[in-house]
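Q: Following the hints, complete the assembly by docking chain E onto the known chain P.
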Amino acid sequence: MSPADPPPTPYSERPEWADVVPVAQYEKANPLAPILYTDEYKDATDYLRAIVKSGEKSERVLALTEHVIRLNPAHYSAWQYRYETVLALDWPLDVEMTLMDELADLHLKTYQVWHHRRLLVLRLGLPAAAPELVYIAKILAKDEKNYHTWAHRQWVLSYHNDDALWDGELDFVDVMMNRDVRNNSAWHHRFFVVFQSGVRDGEEDRERVVRRELVYVKQQISLAPNNASAWNYLRGVLEFNKRPFAIVEPFVKLYTVPRAEDSRDIVDVDNPPPGSGAELPCVAALEFLADIHEAEGRIDDAAALWKSLGEEHDTIRKKYWEYRTLQAKNSKATA
Amino acid sequence: MSASTVPPLPTLARDAHIHHVMQALSQIPAGMISLDSSRMLIIFYCVSTLDLLGALEEKTTPAQRDVWRTWIWEQYVAGPFGTAFKPGTSMNDSTPHLITTYAALLSLAALRDDFSRLNRPGVLAFLRACQKSDGSFASTPPVAHNTPQYTLADADMRNVYCAFCICSLLGEPAWRGIDVEKAVEFIGRCRTYEGGYGQLPGCEAQGGTTYLAIACLRMAPLRHSPEPEPRLSAQARAHTEHWLVHNQDAASGGFRGRTGKPPDSCYCFWAGAALQILEAQDKIDAHALTSFIAHCQFAYGGIAKAPGGFPDPYHTYLALAAAALYTTHLPPTSRVYASAAGWTLAPFDALLSGGAA
Numbered sequence: 221m222s223p224a225d226p227p228p229t230p231y232s233e234r235p236e237w238a239d240v241v242p243v244a245q246y247e248k249a250n251p252l253a254p255i256l257y258t259d260e261y262k263d264a265t266d267y268l269r270a271i272v273k274s275g276e277k278s279e280r281v282l283a284l285t286e287h288v289i290r291l292n293p294a295h296y297s298a299w300q301y302r303y304e305t306v307l308a309l310d311w312p313l314d315v316e317m318t319l320m321d322e323l324a325d326l327h328l329k330t331y332q333v334w335h336h337r338r339l340l341v342l343r344l345g346l347p348a349a350a351p352e353l354v355y356i357a358k359i360l361a362k363d364e365k366n367y368h369t370w371a372h373r374q375w376v377l378s379y380h381n382d383d384a385l386w387d388g389e390l391d392f393v394d395v396m397m398n399r400d401v402r403n404n405s406a407w408h409h410r411f412f413v414v415f416q417s418g419v420r421d422g423e424e425d426r427e428r429v430v431r432r433e434l435v436y437v438k439q440q441i442s443l444a445p446n447n448a449s450a451w452n453y454l455r456g457v458l459e460f461n462k463r464p465f466a467i468v469e470p471f472v473k474l475y476t477v478p479r480a481e482d483s484r485d486i487v488d489v490d491n492p493p494p495g496s497g498a499e500l501p502c503v504a505a506l507e508f509l510a511d512i513h514e515a516e517g518r519i520d521d522a523a524a525l526w527k528s529l530g531e532e533h534d535t536i537r538k539k540y541w542e543y544r545t546l547q548a549k550n551s552k553a554t555a
Numbered sequence: 013m014s015a016s017t018v019p020p021l022p023t024l025a026r027d028a029h030i031h032h033v034m035q036a037l038s039q040i041p042a043g044m045i046s047l048d049s050s051r052m053l054i055i056f057y058c059v060s061t062l063d064l065l066g067a068l069e070e071k072t073t074p075a076q077r078d079v080w081r082t083w084i085w086e087q088y089v090a091g092p093f094g095t096a097f098k099p100g101t102s103m104n105d106s107t108p109h110l111i112t113t114y115a116a117l118l119s120l121a122a123l124r125d126d127f128s129r130l131n132r133p134g135v136l137a138f139l140r141a142c143q144k145s146d147g148s149f150a151s152t153p154p155v156a157h158n159t160p161q162y163t164l165a166d167a168d169m170r171n172v173y174c175a176f177c178i179c180s181l182l183g184e185p186a187w188r189g190i191d192v193e194k195a196v197e198f199i200g201r202c203r204t205y206e207g208g209y210g211q212l213p214g215c216e217a218q219g220g221t222t223y224l225a226i227a228c229l230r231m232a233p234l235r236h237s238p239e240p241e242p243r244l245s246a247q248a249r250a251h252t253e254h255w256l257v258h259n260q261d262a263a264s265g266g267f268r269g270r271t272g273k274p275p276d277s278c279y280c281f282w283a284g285a286a287l288q289i290l291e292a293q294d295k296i297d298a299h300a301l302t303s304f305i306a307h308c309q310f311a312y313g314g315i316a317k318a319p320g321g322f323p324d325p326y327h328t329y330l331a332l333a334a335a336a337l338y339t340t341h342l343p344p345t346s347r348v349y350a351s352a353a354g355w356t357l358a359p360f361d362a363l364l365s366g367g368a369a
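Sequence lines, in order, name chains P and E. Our numbering puts the first residue of the first sequence at 221, with every later residue one more than the last. Our numbering puts the first residue of the second sequence at 13, with every later residue one more than the last.
Next up, chain E with everything else stripped away, as it sits in the complex:
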């Protein structure tokens, strides 16, 4: 695209987006009751959105942030299988949950918690209890409910990603507490002929699970046999890159989650971040991606999955995260427009901050 034909970007409605997530943190309407068991994830999206927009210190007081941290720590519980976070208050005595634990730790990190209350061996014991014999992770330890097979079907790529992120956060010794090689094998079984990864072995390649898989393969400590061995061959990498790049929709610039599906702002993150991890971020049209996201902004704040849709904290966070990853890769002319329109966001860690919806 020549410089003169780059269309200017719609302005980043920063204040409106801040309002959207602050609203959700203060109250979620009854119509969204299905979020009752995933409040911690909503909190993660909202707090991380504020962090991305550089608004945490500007729009909240230290006392308020302290109250938030306190609430999150109140969900930290000790069970027979270690210590971790429960999904919220809906079941007063519910057991800890893996995806929730990931979301809680990342939210606390965004809130600059010092983690002095974290019992690291306790968290690691919980992780270990969640790992299954096929290498995957379930969201709760299987024997917690006297029904050994209960978590059988719920183990999937999301849980593996959360477990790997937690190991990364806990530091090097944590990796020795889980069976990394088994987990990596499980991820390999989720790979498909298209070059992406599905949620479970046998499932269709999907943008979200592909991001999770690629991030896991990057996080996993390298196997030395005897030389450090990359987790993906050059050929496999090129194949994944090919599939991801082809998911950018020519008409809108947005990314699809699966071949032939309509684009959706959340896949701008999943595909965009996966490409970033593969160091292939310069192989896509960053302007078209940013422009799609800018057009998904809802008039009264928040970002929707597609232009004209209604916003939610999940799409708001992921779309802004995608924009944060790609505004620095814009061609010079459109970068000028982007920064004039406010699209300059805080630097962002593509590896740990994906969330796992």
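One chain only, chain P, in its complex shape:
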């Protein structure tokens, strides 16, 4: 139904609904923040209230709840009653999923749409999981950072925790990353898949995994140096695996100087340099280097970088950099 269509015949004029006595919304004389309902919505919800009251579960209830949901996809009571009706009728779940494919697409940002979907996927079990990941990928192609959609993907993966499902995830992250390397949702998902969802077959050698992730994130930084998501990922990999930041110092330093060194023919995979068009120095790299200095006890070197951040490269965070300087000097004094 498109918004241009004329409103359907009111339920009150439909012979197949003649046996139902509509229940008006009960509101006393002085409602607070009342919503100016359309006649169509008022009519449909009058019948929804009647149905919920009588407890009827039937095919026409599915049609009615769908109607209410199309008018207001956030109507959680309509969703809830619909779900109960689907179960009571033993309604084919694939038919319901087809409708959900359409509704999720239309109302991407509505929480209830994803909630209902999750309940159906839960009942459909493992066979529905792989097609679900395909569907989610299609939706994410339209709205690459949609929080509900990513959350749904993370839920499908961890709920089933099936190796075959996890297998495709890094490739999927690559597809999203190639589209937009600054998509933090994709970076987060990569971290979730690699580090925060258990250790799967073939990934037991954590040393190798850490090395692989470091090569990956460094490459991405070299292609787009001013990408906060990638720098956060680098920090995350090191912190999570308890590696000192200093192990990437040679790499980080390449991004802290105003101009890249002359391009070399042989690229060192451990230390890929910034691309030729890069805007340097990179603020995130300056900050990273200061953290390395601080951790190694070189407080004056760290303070010099914080000063340059606060006064020149990252003035919005001036007070934060001043605080970091003060804190580092104080803890050195008391050490």
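Source of the hints: derived by calculation from the structure; they are not laboratory data. Just so we're clear, the structure is a prediction, and the values are computed from it rather than from any experiment. Where is the CB? At the ideal position from N, CA and C, for every residue including glycine. Be a bit skeptical, because a hint or two may be false.
27 angstroms max Cα-Cα, derived DSS-like pairs, lysine-lysine [stated by the list, open to error]:
| hint | chain 1 | residue 1 | chain 2 | residue 2 |
| --- | --- | --- | --- | --- |
| 1 | P | 365 | E | 317 |
| 2 | P | 329 | E | 317 |
| 3 | E | 144 | E | 194 |
| 4 | P | 248 | E | 71 |
Sample of chain P residues with no beta-carbon within 12 angstroms of chain E, all distances over it, derived [what the hints assert, rightly or not]:
| hint | residue |
| --- | --- |
| 5 | 234 |
| 6 | 314 |
| 7 | 387 |
| 8 | 496 |
A: Showing chain E alone in chain P's frame:
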């Protein structure tokens, strides 16, 4: 920023903002029908906006406020799982709802209700029924609809925050009625490598849910084992602070909700209030934040998510709440400008008054 270069702030359009929320309290247009199940939250944003602007007594009569309180109490219902508030009148007999209950109690507090009608054990019984085995809370008790798994997916950080706020409001004994340690564990599982918190375990760090998590960790009674133990280690705190501070956008002064996203006035509150709870409010550029909010004001009242956008009560309330938290932290020169432009707001509780959209 040196004093001479501080640009003056646009004036706080106080009367226009009051008009915006009074309008919503009297009628919401059909185009916003999706708010039908969250009227109580809208009421909370509107009433709290009036409270923040110090306009409740000035712009409403005692009789009007009494009518409002009466309407809110009319949504207070007793179910098989305790007593709490239902979302509004759209389903005549609908069951009580956790986020709604939070919004109703906070609205009543803003309206200086005496809570003599509140059945405290009843509310606590409701809260207990909403808590799940993983420590999180669902918005309705699971067995209410003969479908045990119905609320499975709806339990999230918003509900935990609302439950914790309600315990704080009910007072000390309430905390013993829920499993605090389990809930705190759930919050811990929502923490991410960036230093923020997501809506559910596995989800991306987001400003709103990070505020909710930080506020919960502050509200939760301390565990004594044998010494009082802080809920966040110094290291975890510094990490969260780092992420929050980096969400302030250099170009506009506004805050982003997630790394790499555009700034939005509501995240000025979520990040700003989280920093306040962490006692790190002096580590950000308060002038740039206030200036961003001032520029999000809509010409005919209300505040939008970004300059040039359309306003709504949610952004209006949260943006003003952020301004209330930060105008007292402005550097002296810009404070003079801010107060000349009307940006002096009532003191504000950063912990309980976040709302939970």
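Q: Does each hint hold? Answer for all of them.
A: Structure-based check of each hint:
Proximity of residue 365 of chain P to residue 317 of chain E is assessed by CA-CA distance (about 18 angstroms); at most 27 angstroms being required, the pair is judged to hold. Taking the CA atoms of residue 329 of chain P and residue 317 of chain E, the gap is about 16 angstroms. The hint holds against a cut of 27 angstroms. With a C-alpha separation of about 9 angstroms, the suggested pair residue 144 of chain E and residue 194 of chain E falls inside the 27 angstroms cut-off, and the hint holds. In summary, the hint linking residue 248 of chain P to residue 71 of chain E is supported, as the alpha carbons are separated by about 23 angstroms, within the 27 angstroms threshold.
Residue-level check passed: residue 234 of chain P sits 22 angstroms from the nearest beta carbon of chain E, beyond 12 angstroms. At roughly 19 angstroms, the least C-beta separation between residue 314 of chain P and chain E is larger than 12 angstroms, which holds for a residue marked as non-interface. Look at residue 387 of chain P: its CB is around 18 angstroms from the nearest CB on chain E, clear of 12 angstroms, so calling it non-interface holds up. Every beta carbon of chain E lies more than 12 angstroms from that of residue 496 of chain P, the smallest distance being close to 23 angstroms; the non-interface claim holds.
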